[in-house]
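Engineer: Now for the letters of each chain:
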Amino acid sequence: MSNLEHGGQPVVGMHLPTKKFSILRSIRENKRSQGLFLISPAILYLLVFLIIPSILVILLSFMTRGPYGNVVYRFNVDNYLRLIDSLYLRILWFSLVVAGMTTVFTILIGYPLAYYIARSPVNQRPILLFLILLPFWTNFIIRIYAWIMILRTEGLLNTFLQNLGLIHFPLDLLYTPTAVLIGMVYEFLPFMVLPLYTSLEKIELSQLEAAADLGARPFRAFWRITLPLSFPGMIAGSILVFIPAMGMFVVPDLMGGAKTILVGNLIRNQFLVARDWPFGAAASMLLLILTLFFTLFYTRRAGFGEELLV
Amino acid sequence: MTSYAVELRDVTKQFPSPGGGEITAVDHVQMQINHGEFFSMLGPSGCGKTTSLRMIAGFEWPTSGEIIINGMPAGHTPPFQRPVNTVFQSFALFQHMTVFENVAFGLEMEKVPKEDIKGRVKAALAMVQLSGMENRKPKQLSGGQQQRVALARALIKRPAVLLLDEPLGALDLKLRKDMQLELKALQMQVGITFVYVTHDQEEALTMSDRIAVMDKGKVLQIGNPIEIYERPNCRFVADFIGDSNFLTGTVRELDSKSVKIYSNDLDLEILGIPLGDMIVGQSVVASIRPEKIRLEDRPGVGLNFFQAKVINTAYIGSDTRVNVHAGMGVVLKIWEQNRFSTIDPKAYYKNGEDVWVQLVPENTLILPQEN
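Chains as they are written, first to last, in the working numbering: chain R, 1 to 310; chain S, 1 to 371.
Some clues are possibly wrong.
Stated by the list, open to error - Simulated coverage check for chain S against chain R, where a stretch passes if three residues somewhere in it have a Cβ under 8 Å from a Cβ of chain R:
| id | segment |
| --- | --- |
| 1 | 103-112 |
| 2 | 218-228 |
As the list claims (entries may be wrong) - Taking lysine-lysine and the BS3-like style, the derived pairs with C-alpha atoms no more than 25 Å apart in a straight line are:
| id | chain 1 | residue 1 | chain 2 | residue 2 |
| --- | --- | --- | --- | --- |
| 3 | S | K111 | S | K137 |
| 4 | S | K309 | S | K333 |
| 5 | S | K139 | R | K202 |
| 6 | R | K202 | S | K118 |
| 7 | S | K118 | S | K139 |
| 8 | S | K111 | S | K122 |
Everything labelled a hint here was simulated from the structure, so no lab data went into it. Heads up, the beta-carbon is just placed ideally off N, CA and C, and yes, glycines get one too.
So here's chain S without its partners, still in its complex pose (with noise of 0.2 Å):
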């Protein structure tokens, strides 16, 4: 057993630019994925983390650095010969053929016996529950019974690897979810490492082990989904997963635990908790929840305590979602968990009313000001 599933040492990727020149997708990237771990890349559209996925399963080869699978420096090692499979973004499913033909596809290429074909694509089938499929064609198949062929496809390989390439991208938001989790236990049970890729952090945090936040070709932060959400390290991270409150100031007091800052937006001093490497007198920013947020209708006593102004609400159910002013034309999103009994619904807040507003210290991350 080596160390890493995948491991990406320093990896570049360039593009020509069709104005000339060279797009750089994929900027000196490091990553190490652990075995049987369900490994996501996260971040918007040209963030790099397909190019990435299409460098580990050989579709392109990168212009520096290295890529190494199960200890094996995968070179310019063609796709064929590598052990990793990858469910593709359109399925990319042989249209020609049906369901057996696709799923047998793999196995066919490996001249595994004919008998055991049969057997293995039949379990393989069984797993992704379309037993009884197997001579539909792919334009006979919903959507989500299509990415079910995808992955039997590429898993009866039993690949090291397994690559996912936003998979569920094609779905509808139900079956999205469905599948989700369908995904996870599927991982689980094969135990094969799975490195996924979405631009839906939602998606991310609901299977991964590990997530890789990128952005502009660069890997920002690696995490597990608490890590990733509650200690985001940079304002890029906390703004791209969830939702998030930004305040910018200066660094007034700072010790390893807590740091003071001055907030022009507020003209108020905050106190918050110092993620990264901060010293006095740097512009920072800092990063609060609309959950974290403590909302009351009187005046009271804490830090970072404020008065501000309701602008507007929006009931959805489980949240109330408030907007107010907190003075200096600063907006503060505000979520309050709907906990109230359903025979009293609280009178909620009302447009133009004051409220009390305190950015509990320790949910108040103050993180360094990006260039």
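In isolation and in its complexed conformation, chain R is listed as follows (with noise of 0.2 Å):
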């Protein structure tokens, strides 16, 4: 009967001393401090990795440049006011554009690759994986010095193609926004394909058989079929590369010579060489404000996808 009273509960809980713990009592009776207690780690986690940094960050940028490149505090929009200024709007159009570039290309390589992991037999797929994520076991910086080899002046590709022939003499590859551009996707490629992988291969093969059943050639099914259900990985993987390119300082200052200057290197230029932290902290907010814009933009429009990924 009494089990009746309770809704069918077991009623055990009630006998714990409640009043003592009136944290832990409001916690068992409250839904909200019930949903609160659950999400407290990820809000603590959030708290001191995100927010706490980001409003110190903000703080910064309202901040001057001491004499000896310490921080006075004293309020004012003078470092925003400073990247109105041509030079700083064409470094960051430029990088826009690279970060673009790097995400269209990314797509354009990372897609037949995912789809051809994808598509592969069962037992060959980890195999496939782990060699896109093979590299990711050297270092950054040796990859890029690896490069660096592959495109000099006499490097690797210049000397092959000198003796077969093809070319008199060496191209200017190293040291060029392309250069910049080749080391960025080579970086971002398995950001691209991982994604694409997961959604690629989520595709039934019974939804293509349907689409060939119903009259499709391949390459309208594909059209139709596989690369509109492709789409939340190509969004995913899009933010994953579009991101950290957009911050990527790196790969310019090591294979753009002084000639290529990406936002990213003007924050740490700003930050460790002309020690002007409120400017690099302003520079930083800039792109963090144009990556989000961007960000929402874009998947504003196409979606995230997540109907699709349920």
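Make one complex out of these two single chains by using the hints.
Structural biologist: As structure tokens, this is what we get:
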């Protein structure tokens, strides 16, 4: 009978000394505090690693550089006004273009690769995915130096082409925007391949059979079925590539020479070379806002594809 | 008009086995499917029915033999050029498209003008009672509704043959029963040849004009539901379609209409109807349906009459299912239909009670023993 009075639930919990532990009691009895309690680790994590650092950067961006590279705590908006300069705007625009092109090229190269892996026999897929990730076992800087070895004037590529007699003078490959693009595409390719693979692998073969059954030739079936169904992976991959590409400074530093300056280099130089932290912070804020804007715009247009990911 | 909608001539399909060698999924199958027929391929999983269907659709090609669709050898024609359409077991609806786009897809591939597509999609959806659902996504539909979209999507192409691969497998029992009748009605309405694959014998019996019973890649029997049920040509068919009792024995006497066998199970001579060729002395098996056995509570005179003891009974409303022990360890299943008055229900057989059983000769089928 008593069980029925409590909606059929066992009543064991009622015997705990609830008065002594009022927080525990409120957690147990209140749905709202239950929820808060459950997400508290995530909130704590975000607070320490995202919200507090972001607030510090925002505050810093409204300060001034002191004469010896120190920070003078005087509120002003001069840093932002300084950014509205054709020099910096050009750097920003160029960064956008490079990050955008990196994204496009990782899609163009990564899509066939991901498609091939997703259509390989099941027992071969882990090996192929492992090979995609294998370069990550080597230090990033070393891999960039490997590219420098390949691209430089007396490098592997030029020597090879000259020995073949295809060219008579070495090509200027290294220290060009093209070199930066090659380095960036190389670096970010796995971030595109993996999400693309995930969504391609999920497409059931029966979907393509149904398309063929209804009269679609392979190319039409790809265009109407495979491609739209892999959009979620493409969007996820684009976000994973575009955002870090916007802030990348190592590749342009090493492969672009002094000629190629991206917003990532600008920020790094302000903090480490010019020792103008407030201006660097302001540039960071601008990068953050721009990235957010582009990401939101992109996902708003294409959708996160969440209904397909279910 | 050609003679058959689909014809399978000595079709064999082998797949490479993972452990090396070949697996024969379809083994020298012959089949002639008439125009406008509701034809079912029935068998347990792995019997080759789905592979046969996929070969007609063009997703697989025969290792040997020939498939002829509407009088035209199909050869290696790809699926998108065959005059057949498929309703898949998992429906295979395009999740990123609306109901309208799904149904319109096949017509778009044919480059049908947009205005015509609109009208035809509307008509197709009305036919499967889904009017007004055009803008839903497949995920927003129930299983039964998705099933109807899959049907409309295939039927809108006006195929010569519609292939259905266990299309009701994903639905719950009640819905399945409704859809069976609806599918049959739809097939009569559109007049298209349906080739239907199922492992559910009741489904096949309910809907089909003819059934091909398959096992281990081979076609065992092709016939209408009555032939398949009442005149199975082998033990497997008798066992797979419905329920049956089997008694082994050897042929004693034989003429064209009847056969007398000695049942070593019962230590008794049994008279029955011979199905298939047999000779005196041959090992045979007698098959009797549980509902065709006569059960009496007192001794009587007649052929195939013997005493037995009730082991247990199960009252299931419409029938009482009685298991009796007939000596020598033989257990017979007997179903007694409940025809008794509701105000005076008969006291049913009790466990351990002595009863008398008659295997009515005209209902006792004698089949050749399989190897």
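Engineer: Next, verify each hint and record whether it holds.
Structural biologist: Here's how the hints hold up against the structure:
| no. | hint | in the structure |
| --- | --- | --- |
| 1 | 103-112 | holds (count 4) |
| 2 | 218-228 | violated (count 0) |
| 3 | S:K111 <-> S:K137 | 23 Å, holds |
| 4 | S:K309 <-> S:K333 | 12 Å, holds |
| 5 | S:K139 <-> R:K202 | 16 Å, holds |
| 6 | R:K202 <-> S:K118 | 31 Å, violated |
| 7 | S:K118 <-> S:K139 | 22 Å, holds |
| 8 | S:K111 <-> S:K122 | 17 Å, holds |
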